[in-house]
Every structure is written in C-alpha cells, then in structure tokens.
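The listed protein sequences derive, respectively, from chains E and D. Residue 1 is where the first sequence starts when you use the numbering used here, and the numbers rise one by one after that. Residue 1 is where the second sequence starts when you use the numbering used here, and the numbers rise one by one after that.
It is possible that part of the hints are untrue.
[Unchecked claim] Calculated cross-link-like contacts (lysine-lysine; reagent style DSBU-like; alpha-carbon spacing at most 35 angstroms):
| id | chain 1 | residue 1 | chain 2 | residue 2 |
| --- | --- | --- | --- | --- |
| 1 | D | 236 | D | 137 |
| 2 | D | 44 | D | 137 |
| 3 | D | 51 | E | 70 |
| 4 | D | 51 | E | 54 |
| 5 | E | 70 | D | 209 |
| 6 | D | 137 | D | 218 |
| 7 | D | 201 | D | 118 |
| 8 | E | 54 | D | 44 |
| 9 | D | 236 | D | 218 |
| 10 | E | 54 | D | 209 |
| 11 | D | 155 | D | 86 |
| 12 | D | 218 | D | 201 |
| 13 | E | 54 | D | 36 |
[Stated by the list, open to error] Residues from chain D that keep clear of chain E, each with C-beta distances beyond 10 angstroms, as calculated:
| id | residue |
| --- | --- |
| 14 | 16 |
| 15 | 38 |
| 16 | 42 |
| 17 | 48 |
| 18 | 50 |
| 19 | 56 |
| 20 | 68 |
| 21 | 70 |
| 22 | 72 |
| 23 | 99 |
| 24 | 101 |
| 25 | 171 |
| 26 | 252 |
[What the hints assert, rightly or not] Examples of chain D residues toward chain E, derived with CB under 10 angstroms:
| id | residue |
| --- | --- |
| 27 | 29 |
| 28 | 41 |
| 29 | 73 |
| 30 | 103 |
| 31 | 165 |
| 32 | 166 |
| 33 | 167 |
In case anyone wonders, no lab produced these hints; they're calculated from the structure. Where is the CB? At the ideal position from N, CA and C, for every residue including glycine.
One letter stands for each residue in the lines below.
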Amino acid sequence: MHSFEQLYESRADYLFFLCQRLEDSEERIELLFMDVWRRIRRDFLQLSGEAEEKWLCRKLVESHRRIYRKHPPEEDTGVESSLMTAVTGLGLEYRWPFVLKESVDFSYGELAEILGIPEPTVRNRIARARAQVRRHLEGAQE
Amino acid sequence: MTPIDDELLSAYIDGELTREERTVVSGLVQSEPRWKARLEAFQKDGESFRKLPARELTESARVRAFQLAEANVEAGADRRRVPRYKRRWMLLAAMTIPTVLTLVFFQHPWYTSRLYLKSDDLHLEARRTVEPAEFDKVKQWQSPPLWGTYHPGDKTSLWVQLDSEEPEAQRVQLVVEYDFDGNGEIDRTEVYQPFELNLYKGWERFRPKTEQVQGDFKNFESGTVRLTLRADGVIKTSGTPGEMVLPYRDLRPQSER
Numbered sequence: 001m002h003s004f005e006q007l008y009e010s011r012a013d014y015l016f017f018l019c020q021r022l023e024d025s026e027e028r029i030e031l032l033f034m035d036v037w038r039r040i041r042r043d044f045l046q047l048s049g050e051a052e053e054k055w056l057c058r059k060l061v062e063s064h065r066r067i068y069r070k071h072p073p074e075e076d077t078g079v080e081s082s083l084m085t086a087v088t089g090l091g092l093e094y095r096w097p098f099v100l101k102e103s104v105d106f107s108y109g110e111l112a113e114i115l116g117i118p119e120p121t122v123r124n125r126i127a128r129a130r131a132q133v134r135r136h137l138e139g140a141q142e
Numbered sequence: 001m002t003p004i005d006d007e008l009l010s011a012y013i014d015g016e017l018t019r020e021e022r023t024v025v026s027g028l029v030q031s032e033p034r035w036k037a038r039l040e041a042f043q044k045d046g047e048s049f050r051k052l053p054a055r056e057l058t059e060s061a062r063v064r065a066f067q068l069a070e071a072n073v074e075a076g077a078d079r080r081r082v083p084r085y086k087r088r089w090m091l092l093a094a095m096t097i098p099t100v101l102t103l104v105f106f107q108h109p110w111y112t113s114r115l116y117l118k119s120d121d122l123h124l125e126a127r128r129t130v131e132p133a134e135f136d137k138v139k140q141w142q143s144p145p146l147w148g149t150y151h152p153g154d155k156t157s158l159w160v161q162l163d164s165e166e167p168e169a170q171r172v173q174l175v176v177e178y179d180f181d182g183n184g185e186i187d188r189t190e191v192y193q194p195f196e197l198n199l200y201k202g203w204e205r206f207r208p209k210t211e212q213v214q215g216d217f218k219n220f221e222s223g224t225v226r227l228t229l230r231a232d233g234v235i236k237t238s239g240t241p242g243e244m245v246l247p248y249r250d251l252r253p254q255s256e257r
C-alpha cells in the first residue's frame with residue numbers, strides 16, 4: 001500500500017485534470033482540488049482493498065457535492081457557446097457521469113459504483129447529459 | 001430524437017448495448033440520416049470535450065494542497081463528525097428515548113404488579129398519597145375487578161404504615177383474601193403475623209410475614225383482592241398507607257381488556 005505522500009505524487013495531476021473538467025473557473029477548480037485532497041487524506045485508511053482510481057473519483061464526487069453545497073456557483077447570466085460552459089451548466093448528477101465517462105472512460109458498472117446509483121440510471125443520465133450539451137451548443141449556434 | 005433514442009445512441013457510443021440492441025441501432029444509423037447526424041454530433045462533442053486544453057498543476061498549488069491536507073489531519077480538524085443537524089436529532093433522541101422507555105416501563109400494564117392502599121381501595125396506580133384516616137378496629141381495602149397472569153417466582157411483599165396512641169390498639173393483624181375468578185368465593189387466604197404498634201406519636205411502617213396461607217395463586221379473571229386490617233381499637237393510616245406487590249406482571253382492571 002502507498003503512503004499518502006506517494007499517492008499524492010502519483011495522482012495529484014490526474015485529479016487536477018478532472019477538477020478542470022468538472023469546473024471552469026480557476027478559483028473553483030483550485031477550491032475543489034484542495035478539498036478533494038483534504039478529504040482523501042482524512043479517509044486515506046479506507047483506501048486499502050479498494051480500486052484506487054474508483055475510490056479517488058468517489059472522493060472527488062463527494063468533495064464536489066460538498067463544495068457545491070457550501071459555495072454554490074454564481075448565476076451565469078451571459079450566453080456563452082463554449083463546450084465547457086455547456087458541461088458546467090449540467091446539474092451535478094448529470095455532470096459527474098458525463099465527465100467521468102468522457103474523461104476516464106469508466107464502464108457504466110464502474111460509474112454506478114462510484115456514484116452509488118444503478119447502472120440504468122447511469123446510462124440514462126449520460127444520455128441526457130449528452131443531449132443537453134448538444135442542445136446548448138446548437139442553441140448557441142443559432 | 002426522443003430521450004429513448006438518445007439513450008440507445010449514447011450507450012451505443014459507449015459500447016454498453018447488448019448484441020441485439022447494437023445490431024438494431026447500427027441498422028438505424030446506416031438507414032436513418034437523423035440517427036447518423038445525432039450519433040456523429042454526440043461523438044464530436046465527446047471528442048471535443050476530451051481535447052479541451054488543461055492547465056498543469058503549478059508547483060505552488062501542488063505544495064499548498066499537500067500541506068493543507070496534512071495540516072488538517074494533524075490538527076484533528078478533519079475527524080469524521082456527525083453533521084450538526086444530525087447531532088441535534090441524536091441529542092433529542094438521547095433525551096427522549098430513555099424518558100419514553102421509562103414511562104412505558106412503569107406505566108404499561110405488563111409490568112404492573114403493585115396495588116397501592118388508598119382510602120378504601122387497592123389501586124393499581126402509583127398515586128399513593130391520600131388523606132390520613134382513622135378507623136376503629138377493622139379497616140378493609142378492596143381492589144376493582146382485575147385481570148392478570150400469575151408469574152411463579154416473582155416476589156411478593158406487603159407493607160403498611162400506621163399509628164396508634166391507644167394502648168389497647170397496639171396489636172394489629174392483616175389478612176389478604178383473593179377471589180381469582182370473581183365468583184364471590186375466596187380462593188386464597190394469607191394471614192400475616194400480628195405486630196404491635198408503639199405508643200409514641202408517629203407513623204410506623206411494618207412488613208409482616210405470613211403466618212398461614214390457604215390456597216394457591218391463579219390467574220386473575222375479573223378477580224379481586226381484599227386486605228383486612230384488624231386492631232383492638234382506634235388506628236390511624238398515614239398519607240401513604242401501604243403497598244402490596246403480587247406475583248403478576250400484567251395486572252390491569254377489567255375495563256382495559
């Protein structure tokens with residue numbers, strides 16, 4: 001088993017990358033990144049016997065949920081066309097499966113474990129997320 | 001496209017369809033231009049998302065996040081804590097549950113085994129204080145019709161609190177009679193050893209022992225208990241005249257059946 005320091009060395013960049021896929025403002029990315037590592041450090045002993053990548057993503061989701069509750073994002077009033085704006089416009093329950101599917105390529109079964117929801121729900125949410133992103137981009141093009 | 005169509009296409013992209021579903025969707029994509037366009041749009045969006053630029057983690061942020069995580073653990077600030085709203089509920093539950101259990105334990109009929117002497121009755125309720133009374137030679141307390149299951153092995157006891165200032169009233173004897181089925185015939189009689197009161201003013205409490213017993217305990221089925229106190233003269237009973245503990249666990253008045 002790794003020490004926390006080893007885990008941090010090997011996974012800090014990976015989680016920073018995922019934080020950037022979940023949030024678009026630098027401030028919120030950093031906030032999420034700090035918080036997820038704080039949480040990972042706190043729960044580090046739980047990691048033994050669990051698949052590392054899935055466990056880290058679960059912590060990321062938990063942390064993101066907490067950040068959202070404690071620091072909700074400001075309302076976006078401008079109409080922006082970027083893909084990242086479309087993704088961050090998704091509700092968290094759609095954003096997590098979409099981002100983890102597209103960025104890490106977890107299977108639906110793995111996503112179900114990470115998010116604690118049934119596989120059919122994962123399938124449905126990813127489809128809805130894709131449709132919503134598409135709608136946003138099409139709306140911006142018109 | 002309906003949400004169902006989108007779901008099939010999305011799962012098709014992710015390789016999460018069964019072989020049959022995959023064949024159907026593949027056919028639709030080839031034959032239906034709008035299915036094909038939708039599939040390509042989804043794939044393009046995914047690809048664009050994956051290609052979005054990403055910043056590198058700066059050294060300062062890397063060091064800061066690590067130090068913060070370690071510092072939080074060392075300071076004990078990150079101990080798993082129950083959320084405040086849950087703590088409130090837990091505190092409330094911790095205060096309420098023992099109270100409710102205590103009330104249930106002492107009020108529920110299944111535990112009732114005590115009869116309290118009141119003015120003229122043997123009561124099941126624990127409100128024992130009554131007006132002190134004075135009587136001449138004989139005093140009786142009778143219970144209402146009772147139901148209850150006999151529980152062999154449970155303790156029995158009886159105490160009374162009395163006073164007398166008359167020399168001729170010093171000797172007192174108690175008799176308890178049980179009519180378990182309420183037919184008017186006495187099924188069990190307990191005669192207690194006589195005891196003597198002193199001449200000084202002040203309540204005296206006695207726990208006499210049985211001298212003679214006739215008959216056995218049985219279940220109460222609309223039965224009654226009668227306690228008779230005989231003295232040689234005037235006797236006074238205190239505000240808490242006495243109490244009987246019977247080997248029953250669910251004594252209750254007939255009206256509660």
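Task: Violated hints - listed by number, lowest first - done: 2, 5, 10, 11, 12, 14, 15, 16, 17, 18, 19, 20, 21, 22, 27, 30, 31, 32, 33
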